[in-house]
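**Q** Below, each chain spelled out in residue letters.
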Amino acid sequence: MHNKATVSSGAAAGAVQPAEEPHTEPRRIVITAENLTKTYGDVTAVDGITFSVPAGESFGLLGPNGAGKSTTMKMIGGVTRRTSGDLHIMGLDPDSHGPEVRAHLGVVPQQDNLDEELRVRDNLLVYGRYFGLPMSYLKPKADELLEFAQLTDKAKSKVDALSGGMKRRLTIARSLINEPRILLLDEPTTGLDPQARHILWDRLFRLKEQGVTLILTTHYMDEAEQLCDRLIVVDKGRIMAEGSPAQLIREHSTREVVELRFGSERNTTIAAELDGIGERLEVLPDRVLIYAHDGEAALEQVASRGLRPLTSLVRRSSLEDVFLRLTGRSLVE
Amino acid sequence: MSAGLPVTSASDAARDRSFGPLYSRNARAVISRGLLATKSTNWLVMLSGFFEPVLFLISMGVGLGAIVGSVQGPGGGEISYAAYIAPALLAVSAMNGAVYDSTWNVFFKMNFAKLYQGMLYTSLGPLDVALGEIFLALLRGLLYAMGFTAVMGVMGLITTPWALLMIPASVLIAFGFASIGMGITSFLKTFQQMDWINFIMLPMFLFSATFYPLSVYPQAIQWLIQAMPLWHGVELLRQISVGTFTTATPIHIGYYLVMTAVGMLLTTVRLRQLFLK
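Chains as they are written, first to last, in numbering that gives the first Met the number 0: chain W, 0 to 332; chain C, 0 to 276.
The hints are simulated quantities; they were obtained by calculation from the structure and are not laboratory data. Think of the CB as a built atom: it goes at the ideal place given N, C-alpha and C, for glycine as much as any other residue. Honestly, I wouldn't trust all of these hints.
Listed below are the simulated DSSO-like cross-link pairs for lysine-lysine, each with C-alpha atoms no more than 27 Å apart in a straight line [as the list claims (entries may be wrong)]:
id: 1; chain 1: W; residue 1: Lys153; chain 2: W; residue 2: Lys207
id: 2; chain 1: W; residue 1: Lys138; chain 2: C; residue 2: Lys188
id: 3; chain 1: W; residue 1: Lys155; chain 2: C; residue 2: Lys38
id: 4; chain 1: W; residue 1: Lys166; chain 2: W; residue 2: Lys138
id: 5; chain 1: W; residue 1: Lys138; chain 2: C; residue 2: Lys38
Cβ pair distances, simulated, as ranges [unchecked claim]:
id: 6; chain 1: W; residue 1: Ala160; chain 2: C; residue 2: Val70; range: 54 to 60 Å
id: 7; chain 1: W; residue 1: Asp159; chain 2: C; residue 2: Ala247; range: 46 to 52 Å
id: 8; chain 1: W; residue 1: Asp94; chain 2: C; residue 2: Ile252; range: 35 to 41 Å
id: 9; chain 1: C; residue 1: Trp195; chain 2: W; residue 2: Gly262; range: 57 to 63 Å
Isolated chain C, as found in the complex (with noise of 0.2 Å):
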């Protein structure tokens, strides 16, 4: 029968599947290409986002803490200046490695490796992909807020037991960031135009209430600020972070919730239009 090819029924199950022409509900194929690509390859990469804001908990926590001494925390008790920068660094590794796995990853298998390409050629739709790499990035996102939280109870920097908390909510952080990366990487066509991604990333990073309090900034700019995405994650984590829960932790949920939405559809949209021309 030499290579014996067209003979079973095996592919007869994938065929008796009638789904729309955009979702097979297949997501875990993409998922677990996504992990036995990451154990052979990237897991170095994947290693390194996580020591990325244990480094600056350290050396500014730490160190600049040394001089700082203890700050004014959410609930408007004092705490260390480590405890009060350790939840927004979280929602910044958080909104990193989502903004890394849905972005610079996914213009790379887009572009130049022509992964989604041959994916899409099988009887996956473009939902399965958008799910299943969205899924790679919170997994991520997962991973890297349970080793920094633990990073954190050994610094002495957790004191109630809501702090386990911030774990989900890191995960709905990066959801919200990798849905929107996805869609917009996907007008993207140049290198050039990715490092604009580096561009809106680094101020956000510094400026969004992460090492000091909103309140230096004149009003206009705090309304600025509060637009951006990052602030609400770094609110929100630092009040989980001492359990003090206020009228605003509702909004930042919300907001995340949208983003979520919106990047969701933006990103099936087109991926419709890219692939499915």
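Chain W with its partners taken away, still in its complex shape (with noise of 0.2 Å):
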């Protein structure tokens, strides 16, 4: 279905998608790792990872810093050499097929690498040089992303005139340049304020929209559950589980959380007065969190047995959750 909005773009875009799968067949898969390994010396970045991503999907790896993420996102962009295993991208090694891969993908780095010695709009149209596109087609497509980033009226200021935000959506525009199947973004919204980034998701939904491959990684469990499909949990280069958000939540926590705070100096000790309550309860240096189907219940449960928490608070199960539940530990530390 995501086929819709490309097909209705006009006659002759129509003309030049005639190989374009049927709607019934499986989605082609446009990225196959099998036992993806990196090592740095004696550092294992990335320990066997394997996974394959169907195109239109938006696939997320979650994980905290260091798990890995980013040295994937390079093996996948051609410009980190994996030490062992398989990769494929459009079905073509990026070891051996550098440029040819990197014509097929958009990439979104973790830190802004915008031109600073060109202004906005040229930022775009030198970019598109460097795939080797011709101007003629570059103009009017460089217009049209300044449209989508919300920067048409800065088309022709300073890079570093452009604020957090600003530089991130011309940095996924930038990316968009050559119209690529698949777009990498690393930790996209890490660093923009809260506004920023819901403009950000807004685009980047877009693009899920019209059959764009996604691939991102982020340590933001909120980032995760709106924009990906599916997903990995990585931690230490391996992966942890995988699924839907949904389907991770449903599978490695409950429906509720009761969250308690007694103070930092009395988490740990009455934690014993809790036992019982609930599926599961952890016991984190803040807080103590129990792990319920039904959280109301659960903390009436608490507040029967004579216990006073400072704050309480009843949420749903976020990946943030299936992640403490599966490493022991926080995504953001």
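Using the hints, put the two standalone chains together into the complex.
**A** The structure is reproduced here in structure tokens:
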């Protein structure tokens, strides 16, 4: 169904699309990784991970800093050579076909690396030239992407005059200049304020609707929940779990969570008195988590035992809880 | 269709090329980026690089030349002191321009602007980037050489049409320095290390028979200077400026051809190590 957007976008464009698969067939796999491994000296950054991504999917790598997410992205982009294992992007091995593979990709790196010596629109044009694309194509494309990134009125500005959110959007616009089939986003909203994040999510969501395959790393669970159809939870270079956000929460956590704060001194000692409430108890330095199907009922049980937390909160389980369950650690430390 | 993104066949064209992982025959994209960036930001720096040797020529050639009078040129004939040092200064400016472009400029783009990182996430390979950057350094060297040769002409220091060959010869000198300079820069990590480059360049400028003949030095020092690249450039341009060629001429040219080849090899190997880890 994602093909609809593309087919409806003009007769000329439709003419180059007949090879596109019918809707009934399973979607084509665009990335396969098998036992993908990367070591730097003694350090194993990526430890034999296996996954595949079908066209049009929004696929996430969720994990804390240092989990091997960025290294995996660099191997997909063909700018880091793998130590062992197999990797194919659109059927090509990035180690031997770097430039070709990257012609299919749009890359949004963790840190903006816009060309500060060029103006906003020139950044897009020049980047397109790196792909060998002609100016006759690039000029209207650049204007279209500026529109998409809500930067049309900044076309002639200098890059360093842009805000953090604008720079990110420009980086994303730039990554789309070659109409990539796969977009790699490494921590796309890290360092942005909430408003800028929501604008960015909206833009990424639109790309997803247009059928672009998104591969994104994040250590924000809300981002993963918002954007990912499917994700792998990565820790220390290994895959801990795989599935849709809802699936992961269902399999690895309860429906609801009660968060209780008794003050940092008492959290540990009071945990013993909570025994038996809910399905599982997690004691963190600053709070106690009770995993339960019915959070309100669990909270009433706490009150009935005469315990008075300083603050209490009942919420739905999130990917943060999944990660905590799988690794015993928080995502953001 | 809003932005109508994944549609046209434009990127299929980019996709259909099948070259090795190092080179996609698109150094011209790197070059046009450099020209655009120069147009908007760097042209003042470029201008100062042109005036430096001109100022030296005026102060030393005209000022000091008034005391020195005429000296013996490469062919044995008497030439003015200004005509003696002018080709040497041209060699120095070819060196300075190429080294500035291939060291400080590249160092900044590599480590701070992350420019190459961005380029290498496209269809470009490291060799495209290296060739493009070196070409820009050479283009700048060419412009300086043409400008300086014109100044020599205005000052009446050109006596033979051979002197026009100083322009391509300067480009060769710049090629040698730019390719080696970029290779060396790829090893350097801090600004302190970058200062070593100046530490080598300044004595080379002062002592490579730039302002007086090599014969003033004891034999051992002469050998040392003859091993350094700038001396070959100074001698080559000085011979060309008066149209006198000897058996040493092909040696000077050969020195730069080898230097260029070694530098290009080093740069490509290093870029591959740095960016395709």
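**Q** Determine whether the Cβ-Cβ distance between W:Ala160 and C:Val70 falls within the hinted range of 54 to 60 Å.
**A** Check passed, 55 Å falls within 54 to 60 Å.
**Q** Taking the beta carbons of W:Asp159 and C:Ala247, is their distance inside 46 to 52 Å?
**A** 51 Å, holds
**Q** When you check the alpha-carbon spacing of W:Lys153 and W:Lys207, does it fall within 27 Å?
**A** 25 Å, holds
**Q** Do the Cβ positions of W:Asp94 and C:Ile252 conform to the proposed distance bound of 35 to 41 Å?
**A** 40 Å Cβ-Cβ, so the 35 to 41 Å window holds.
**Q** Quickly compare the C-alpha distance for W:Lys138 and C:Lys38 to 27 Å and report which way the hint goes.
**A** Given that 27 Å is the threshold and the Cα spacing comes to 19 Å, the pair holds.
**Q** Under the criterion that the straight-line Cα-Cα distance not exceed 27 Å, is the pair W:Lys138, C:Lys188 satisfied?
**A** 38 Å, violated
**Q** Hint check: W:Lys166 vs W:Lys138, CA-CA at most 27 Å. Holds or violated?
**A** 20 Å, holds
**Q** Verify the CB-CB distance for C:Trp195 and W:Gly262 against the hinted window 57 to 63 Å.
**A** Because 58 Å falls inside the window, the suggested range holds.
**Q** Are the Cα atoms of W:Lys155 and C:Lys38 separated by 27 Å or less?
**A** Between W:Lys155 and C:Lys38 the Cα gap is close to 15 Å, so the pair holds against 27 Å.
Hint check: a violation occurs at hint 2 only; the rest are consistent with the structure.
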